[in-house]
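Protein chains in written order, with the working numbering: chain A, 1 to 312; chain B, 1 to 563; chain C, 1 to 336.
Each hint should be verified, as a subset may be incorrect.
[Claimed, not checked] To be clear about the criterion: a stretch of chain A counts as covered by chain C if any three or more of its residues have a C-beta under 8 Å from a C-beta of chain C, and this derived list gives those stretches:
1. 86-96
2. 244-250
3. 280-286
These are computed hints drawn from the structure, not numbers from a lab.
Note that the Cβ used here is the ideal one computed from N, Cα and C, for glycine as well.
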Amino acid sequence: MSDLHNRLVSAEADRPDLTEENVNKGEQLTQMQMIWRRFRRHRAAMVSLVLLLVIVAFAFVGPLVWPYDHTVSRDIAGNLSPSLQHPFGTTKQGNDVFAQTMRGAQQSLKVALVVSIVSTTIGSIWGAIAGYYRGRIDAIMMRIADVFLIIPLIVAVAAISGNVRGGTTWYAVALIICFFSWATIARVVRGVVLSLREQEFIEAARAAGAKVTRIIFRHLLPNAAGPIIVAATLLVALAVLTEASLSFIGFGIQPPDISLGKMVEGARTAAFTRPWLFYPPGVLIVLICLTINFIGDGLRDALDPRQTMVRR
Amino acid sequence: MENRRKLLGAAAVGVSAALVLGACSPPADDDGAGGASSVSWIVNQAGGGWNHNTPEGGSVYVIQMLHGVLPVPGHWDPSGEWQWNTDLLVNTPELINEDPMVWEYEINPDANWSDGEPIDADDFIWTWKMNSGNEELCADNCNSRGTLLTAQFESVEGSEDGKTVTVTMKDGEKFPEWFTFAADGLYPAHLAEAEGFDLDTPEGMLESSNWFNENPIPISGGHYLIEEGAALDGRVVKTVNEDYYGDLPNIEEIILEVNTEEGSWVPALSNGEIQGAAPASWSDDVITQLEDAQGVEFGIEPGGSWEHVDINMDNETLSDKALRQAIFMAIDVENIATRTYGEKFPEIEPRTNHIFDNNSEFHEDVVTELGQGSGDSEAALEVLEDAGYELDGETLTLDGDEVAPLRLRYTAGHVAREIIAELIQSDLAKIGVTIEIETTDDLGGTLSEQDYDLMIYGWSGTPAFASSPSQFWRSDSGSNYGNLNNSEVDELVDKAMNVATPEESAVFANEAAALVAEEAYVLPIVSTPVFYFYDTNYLSGVTDNNSQSRRALWNQHEWSAVE
Amino acid sequence: MLVYTARRFAVAIPVLLAASVLVFLMVDLSGDPLSDLRMQQPPPSPETIAAAEARYYLDRSIPERYWLWMTGIGGNGDIGLLQGKFGPSVRGGPFDIGEQLASGISITIRLVSAAIVMALGLAIVSGVISAMRQYSKLDYTLTFIGFLALAMPTFWLGALIREGGLWFNKTTDTSFFYTIGANSARVSNMTGWEYFLDSAGHLVLPTVTLMLTSYAAWSRYQRTSMLEVLNSDYVRLARAKGVRNSVVVRRHALRTALIPLVTVATIGIVGILEGVVIIETIFQWRGLGYFFIEAVKAKDTFALMAWLMLSGTLVVLANLIADVLYGVLDPRIRYE
């Protein structure tokens, strides 16, 4: 969690000079274009984006065309080395590892996306409200967030996931990770909003009699979009890794379903004996996190006009 | 400001350095000994207490840690034969009388604890009281983990200066495996007395039980002595007991290290940090690593525990015997066994009796003739059709109603059971029975709450079997989780416990097992194979013993160091 | 300043309390701690189970149990956080939670302190280099290494580093690196130097792993803050004055750029605690991480609570220290 926090803090530190932003709709488009242009210039980020899209396609489209699914089949011989028919070999019980990898990537990505979206949504709104009202409401809301922050994430998840009846499914894992990760986002967004609310366009909106919800959703949050987007991106990588760590200590997604973390965990003693079981899911985890980190980096640069312009 | 920063920086570095170095100063020298031949051996899990008679201390891990420290009257050899401890006993105990059952131990007059006190009847009496289940002898049941045999004792008495011990059972009570009394080791009663506990009062006994549970034994009645600083969740260092009354062992020091991460074993072995292990769980990849490693000897054998599928008889769908039979017939146990263990252990075969392993002298195949475990889905479908079921495409129906999906459960993270579950799921799909796999984190709770339709789990045991049928199947037994209710079985399991010899007992046990198979209540899968390994650059003479909790450590006193 | 610190501390107490309630609920609902006992063969008698329930206070309701855990009033004298007692462990009498926790701290602290020192040093050096040579090959390489470390599951990273250590031992035919435990079994007969070598040999591999998990984020952060400072007016002014570049970097830029890293690193303790849980499993240390894992496995409520109280307090303290340090280091900030 602190990794995330560190990165979020730096996302915040990097945030663009928000006064320059304009809320006018027509100009936002051009701004989007500008951001996109800057993003494209970040070569690593562009390569990463393409790679990530390929992985997503592999995970979600692959299972539709591949002849095997991730479950055990009597017709698949156990413990085969890689071949054309089974590019990543088979497990003892007779799963096609290639199909498992696709399914695992799918489940891991689903977990990651849900975590990212749900946590970011809750965290942003929570942080924006706290930052907007300040004072006692802010104090109470942030203390509540602190309660979740002082419990280390995997610790909390490990303690709670034994409680999920009937095995742990991907959405259960996702929701549990959400439960303990929204607070970091809330803290970041609050910081941004605290400084935003003092600016003229917010004061103008307030003077014009805009309702609180309108100010928060139409003015504050869109203007805090930069750090929020970066944070949400990084949360994807964090969720993938958290899920893997959970699998390692035995509290992740449970069979017959599969995730990348579960696969790597199950094959961790196989790294040197049956590498085809260990490396495909492992490399996929690394690839997902790596690409996402680079995309986050690219986004940060793209959303920050100052830094990308400076070349010495 | 400048100075303040410097100061802070220096302080920060200083503090961290102090932390690192402070943790690195050696603890006070005590003896400076250190054997030339020292063996580090892995124990799979932390122990919970030093008294193996209690539930916390009663794990195989504690018994391994205490092995060679507590004197034992006898033990099971690798072939499952009972062997008396000829160092401790000068006679071969036999039944002197059958009703009531009476037997006698004659203790070696030279057999002393390492503090010079004799090993005598008091130590046997303590073990009896500890496990008597009698509130007048021991308060709060002494927190005993098992009172089955000892609760039937009328008395344990010493004579000849306590060097002869006579055990008398209550009238009418019999137990075929009477010789297993105190098999996990005797505790030094005189030590408890020296601590001030009055062993003639129930409270004193309870206090002594707790005291033994909380403290590692400082003296030894066997080959090895526990050194100070032993930790149940860390390391137990055992050195030779120089005052042992038999032949001294060759290995001067045995270090038992708790290690819960199987991925670290072979690296640590090849790095010379450990010399061997007999892990409780199975791992193909660890075995593959061992195959590739240099200077390592390892072996694989069927172990003491066995996996099985249980049916919840109270489930409405499963209350139909025909369905249960069909389910057991459709499961291909041979295929399961091969896929689960066959790669590294081609000799694996389906287990065909609940009580006896296929290699046991008492073994009778009770499932094959019923077609159970054959994977013959055609035959299974025939049984179903005769009982009025219909297979329509992929769904099985009874009188037009679809057969509800069944929940198959097992312990989360158990790799072998995961494989078994997935294979059963695919087997049963062929007869239209839908299986939903659900893992559990709480095996005991799930079982006792009957929160399952089908359950995969294991029973473990020693060659002692007489009480198992009653425990598994008697209608009022707490471990009859699926709630089998069959009065014939009840009668048979009682008889199996209440005879004087294992041979007589086995007859009843087999009859009961046949009835259970007929009911299609429990389907045995395999006797779980286990493996052990050791570094041949350091050690020789190591063999596994699956009849004992101590596993390969069982003959540690016969090991020798390689020059 | 003192008032500020005291006020922050006062606010932290209800937060800790709320966290303890949350965790207590989670742990208490997560299963039956006696399930292993119930599964024993031959099965223990009902009296044994009932006695165990009474001993571990399982016969009381959850609110009662929480109250008991906090105050110890109405207990058997072995419980009550306010009296400095952590409660009985379901793993039996010999397992004293307080003692085990203390021995866990003494083991873990050397791992954590060594890792933090290394991570900080490396993060500063590589962060500064990256910033000085922004968008150079070196910058990209360092960025990539950092991201790679961030992208790898910790347990995998640990296994790789272990293999690296073994490979080193084999190629050099030495036995410097150890892969399990914090020390060899017999240390009493070692000289101080031998003991130091033994400790170091056990320490290096897990430390490097733990270090890498924190290093990556910290070096990124150092890079950002260094860039910001390098582009600030006063650094430009210094340059314009003709101060030598190395002096500018060392004396003007780096000092200011270090300030944020201090806070980030202090707050990073949560992440380090998480890393410790995984790394102590891989390298089989008997520290705080192992304590936690075993407590979760045994559903040992009171042991888990003790652990979480300790980690919670550490985190609260770390946050507090971060704030205070920030004030001390950065003269622009004043606390009222």
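Per-stretch coverage check for the stretch 244-250 of chain A, three Cβ contacts closer than 8 Å to chain C: Satisfied; 4 residues make the cut.
Proximity test - 8 Å, beta-carbon atoms, the stretch 86-96 of chain A to chain C, at least three hits: As far as the stretch 86-96 of chain A goes, the hint is violated, because 0 residues have Cβ atoms under 8 Å from chain C.
Verdict on chain C covering the stretch 280-286 of chain A, criterion of 3 CB contacts below 8 Å: holds (count 3)
Hint compliance for this structure: hint 1 alone is broken.
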